[in-house]
Amino acid sequence: MSAVAETISRPEAAAPPAAASAAARPRKRATRGLLRLRTPLPRGWGPTIAVGASVAIVLAWEFVARLGLTTPLFFPSPTAILSAMARMISDQHLLWHAWVSTLRVWGAFLLAAVLAIPIGVAMSGYRVVGAALEPAIDFIRYLPVPALVPLAIIWFGVGEETKIFLLWLGTFFQLVLLVADDMRRVPQEYVEIAYTVGANEGQVLKDVAFRAMLPGLVDNLRITLGWCWTYLIIAEIVAADSGLGFVIWAARRYMKTPEVMAGVVLIGVIGLATDQLLRLIHRRAFRYL
Amino acid sequence: MTHLQFDQVTKSFGAVPVVETPFNLAIDRHEFVVFLGPSGCGKTTLMRMIGGLDQPTSGEIRLEGEPVGAPDRRRGMVFQSYSSFPWLTVAQNVAFGLKYRNDLSEQEKAVRAERYLDLVGLYEFSDHFPSQVSGGMRQRIAIARTLAAGADVLLMDEPFGALDALRREQLQTELRRIQRRDAKTIVFVTHDVEEALFLADRVVVFSKRPTRIVAEIDVRSRLGEERSLEIRDGEDFFALRRETIGLVRAAAGDEL
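Chains as they are written, first to last, in my numbering: chain A, 34 to 322; chain B, 16 to 271.
Hints were generated in silico from the structure; no laboratory data involved.
Warning: the hint list may mix true and false statements.
Here are the simulated lysine-lysine pairs, BS3-like style, with alpha carbons at most 27 Å apart [claimed, not checked]: (1) B/K114 <-> B/K199; (2) B/K124 <-> B/K114; (3) B/K199 <-> B/K124; (4) B/K114 <-> A/K239; (5) A/K239 <-> B/K124.
With the hints as extra help, turn the sequences into a complete structure.
Okay, here's the thing in structure tokens:
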């Protein structure tokens, strides 16, 4: 208690010495202010700090690797990874593999979304549907995707279907529950307003409930798309002759660590770019928020 | 002439009774009735049943002699929060009241929406989103939407509860003016004594549960039909207010 009081009264106590260096004071206060809980960043600082910190991490990594503090076999430098990536692009069709992976991710993701949105909406909108489906969905949701790989191969062989199925499996059941939750959070008032101006049930769903849940839904789709990439690697390691998972796994066999890391980095870059793009779309589409 | 009638209405949610003793009340056409009572006393539930948003467990509510059914646009609702859609502009929110009317052309709808936008003084904010206007304006959007829909019964659930005193006073004056001008029947729920007396033709004072009517105050005979800030500051208003607070305290019983 007394410690708190001391902390609070300190600025006044420190006032006389600080007054001597009045010119340096505002600046100092500004930087210290950034570390206060929930302080908003000044305009334009966010991206600057993000890029600056990322560059700093890469530079530190490069520096440590150049000093010879790491074994290149285990932890190659960023430049080594970059040159491996350049080589892979020209000799091993790396971009084509990335494109194949991206198609798989989006194919499975869209399939999951197209099914999950109506089912999730129905689960919250109609208690009977929710009660019927929730146990089954919860059950499957907890199964680890890798555990279902053998089953997927028995059902679909080792073709595209297996990969799409595994990705779909990892996202659909999660997404259904997220959609159901978005729908559940639509304020009852919105629904009742619509009914009292003469809307029928279909109109309430389409014009009000869906519209109200849309920002949350788009956010959840963005997050789920990220999960797809997680399962992609599992799917492509199992049985594939294309895709980034295949590239990474093949490079590992020969202990080509820079190539493994180049593949991993590329996934990260694609993920980051997609995420930023979807965020931008979200901001544009939902200006009213 | 009776517009709305509660006939032996009871309501329970599952095993939880809200209105136990059969409730009876007749509301005249163009009457402004305020339900005044402690929170959780069932006044909101009674109002929602008029709107068809909750169904009586037993008994009947009649609108112009006919039992009320599912919600329709004759009975408009103004809620305390989430009263307008954030994804629509102010003008689109008001026009939403007319969206499902097939008997009007698009042009008639536009003219009508504009008229009510103007009536509540929001015309210059037409293209703003609700998040860009004040809480008081958001409630005015809801009022305009309900009026535009053509409701002749307005059901208002503490619509000014979240506003500051000044804006609240301003909206109360406006609402009373609109009600007189457009001849609407209004059922208004609040726990604010002053608000109740300033707005109402008749205040119905509720007890805490089990819900029953403790008193009916004929405000019209005491204060007249015209309400202004002068009346609000007058002797009669103060006397009535003191009386009503006494009733509310007695009704709240040991809660206070």
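Hint-by-hint comparison with the structure:
1. B/K114 <-> B/K199: holds (21 Å)
2. B/K124 <-> B/K114: It holds: about 8 Å lies between the C-alpha atoms, which stays within 27 Å.
3. B/K199 <-> B/K124: Given pair B/K199, B/K124 holds - Cα atoms ~20 Å apart, limit 27 Å.
4. B/K114 <-> A/K239: holds (13 Å)
5. A/K239 <-> B/K124: holds (21 Å)
The structure shown violates none of the earlier numbered hints.
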